[in-house]
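Asks: Residue numbers (the working numbering), protein chains in the order written: chain Y, 524 to 959; chain Z, 3 to 301.
The set of hints was computed from the structure by calculation and includes no laboratory data. There are no misleading hints in this set.
Some, not all, of what chain Y presents toward chain Z, calculated at C-beta under 7 Å: (1) Leu-765; (2) Ser-772; (3) Lys-784.
No residue lacks a Cβ here, since even glycine has one placed at the ideal position from N, Cα and C.
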Amino acid sequence: MKKKLSMFLALMLVVGLFAGCSSDSKTSGNGKKDVDLRIWSFTDELKKPIKTFEEKNGVKVELTIVPIADYPTKLKPVLESGVGAPDVFTGEIAFLKQWVDAGYWENLSEKPYNADELSDKYVPYVFDLGKDKDGDVRALSWQTTPGGIYYKRSIAKEVLGTDDPAQVGEMMSSMDKVFEVAEKMKEKGYSMFPDEGSIRWFAQGDNPQPWVNDKNELQLTEEKIEYMDYSKKLRDNSYTALAPEWSPSWFEGMDKPVKVKEGGKEKETQVFSYVLPTWGLHSVLKTNVKESVGDWAVTSGPTPYFWGGTWLGVYNKSDNKELAYKFVKMMTQDDEFLTSWSKETGDVLSYLPVTNAIKDDFSDKFLGGQNNYQFFLEQSKEITPGIVTKYDQQLDTLYGNAVQQYVTGKKSKEAAIKEFYQKAQNAYPDLKVPKK
Amino acid sequence: MKNLNRYGYYFIAPFWIIFLVFSIYPVALTFYYSFTNYTGSGEAQIVGLANYKRLLTDTYFVEAFFNTWKIWGVNFALQIGLALILAMIFSDMRLKLKGIAFFRSIFYLPNLITISSVALLFGILLDWQHGSLNMMLLKLGVISDPINWLNEPTSAQLSVSLILTWMWFGHSFIVVMAGVSGISKDYYEAALIDGANRWQTFTKITIPLLKPILLYIMITSLIGGLQLFDLPMLLTDGIGSPDGSLNTMVLYLYNQAFKYNNYGYAAAVAYGLFVITLIFSAFIFKGMYGKERKQPRQV
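Please model the entire structure based on the sequences and the hints provided.
Replies: Structure representation (structure tokens):
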């Protein structure tokens, strides 16, 4: 009796300790019966499409949202082991390149998907980014995220004499012209940009090159080095409001004048423009601006660029690939769904059959009735495909750091570049880094 | 007779199973990875001692090592100093201060706040253009231009040290107070009668008798300090700027593993960190206890 009791107690202990894990596996174990499709993403933007998908097909979909910072580290083990893995998962531009090559996404170029046939129907750079190193399509995206410069119409009218996006865009069509505008802004007491980081998207100049070429060499182009000088010029001439991206004053500057302290003086200045992509309008400007609604417009900067974007594909060990692809198809190729989706969210789509049909009668009240859709589609056509590498996010951070060192006057240009090379080599020992 | 002992094993089995699966296995796996060039996906190839060789010549790791020591050292000196002074005041027989419990909770409070909230709070307080600290100094006329606290190597390190001190001195204070209350009042009474002043009582009675407690605080703080990660990670851009001054050893490890995908090298860094912690713990332990053993114990 005593023996049995102690055995039972010991067993209880073991069970108790593993309870935490078992409750988890229970849901995923039962999930096979209750849930037809499992999707992982880092944003909640798929919530509505999933509802539509469920209603259309009479299935049940489970969406797991993992914060972006943890997303790759949480996703990797489940994909590697296949336990509790999603059937469909999304990828963000920052780590997209690693993931298309990692082999977790089903090859969509093969039968029965034949995604290659779709190539003419997408904005080229978007379609291109979903391909792996062998040129096979691994992931698709429904959106395109080219960028522009959002500016305040009232300030443009006062300082530049016009608020027409085409004319304002012309006035900022090169870096030198941007500085001309900046000088005019300064004379009237306005700030051209919130901070120097704003122009980083134009750092490529007319010569966009990937950070790392196919020979595994790190490439710091002349244009990128020039960008250091542009940044420093912005700082030295006080063209900005010294409000770093995502800081409280950065957001504040969208709607109200901000206080800037420099050289023992304090001045109040209004920020003229923000450099943001498509999604910047809906998820940044619209959510932070209250007073100046309708006073905004969007135009092109010195060079086209894009920022961000979400791709999705089918997990290659999924038990339910057919249904999984059905969802991917709905998100990326369904005329009816995509039309209503873009009207609802203002998302700029990459699927051309739909965009061509809807682009002409788009207008946004926030932008004073401007057709931002057409504008962004034009911009997206000019983006050079194939310059995204898996190193981008980290190298951008390291380079941004070097630029900051130079801008704040702590390091000379040469020293800052040298440090950038050293840090890049340290992070990626396999890279061929110029020895300077 | 021989069956008797078995139940003991059943009872300790859960601990051992958990320990093997969640502690020993990852530690062993990390050791294995430290000899490979594992990048997080795909197959890992064995590269021998290459990662350790790289570690020994890695200037960024050396920089991280000294940064960690600087930040921890300043923090520890202030923290233990503050804790001892407070303990001295609150345990003073002549002062007889009231409300120790109240102060204990107040001092301990910062320790309960999650580190991300602390980082956010100080990020706002130390903000270059709009932070309260700069505002105050500007208003008082101490400075004429706002100081970018988190953008200067020295002030960034000092900021982290001070934040850590603020978070941990309450904890040390409580531990020291516990140690002080364990010292017999007879010593102090005797000292009082003999006419010893506060300083003498403190240095001749309190400190020597607190030695084990101080050793405990020092070693735990050192182990925690060498693992300094979250504050430097959250306060600036996560790669240890400005100028690499907030690049601590664990932050470096984290970046190598999860940002640059050099898992193999990061594993080697982890073992380097383990060895360093071991050496310094042993060093402190010997330093504080080694001498004492040679002398006959005083009564």
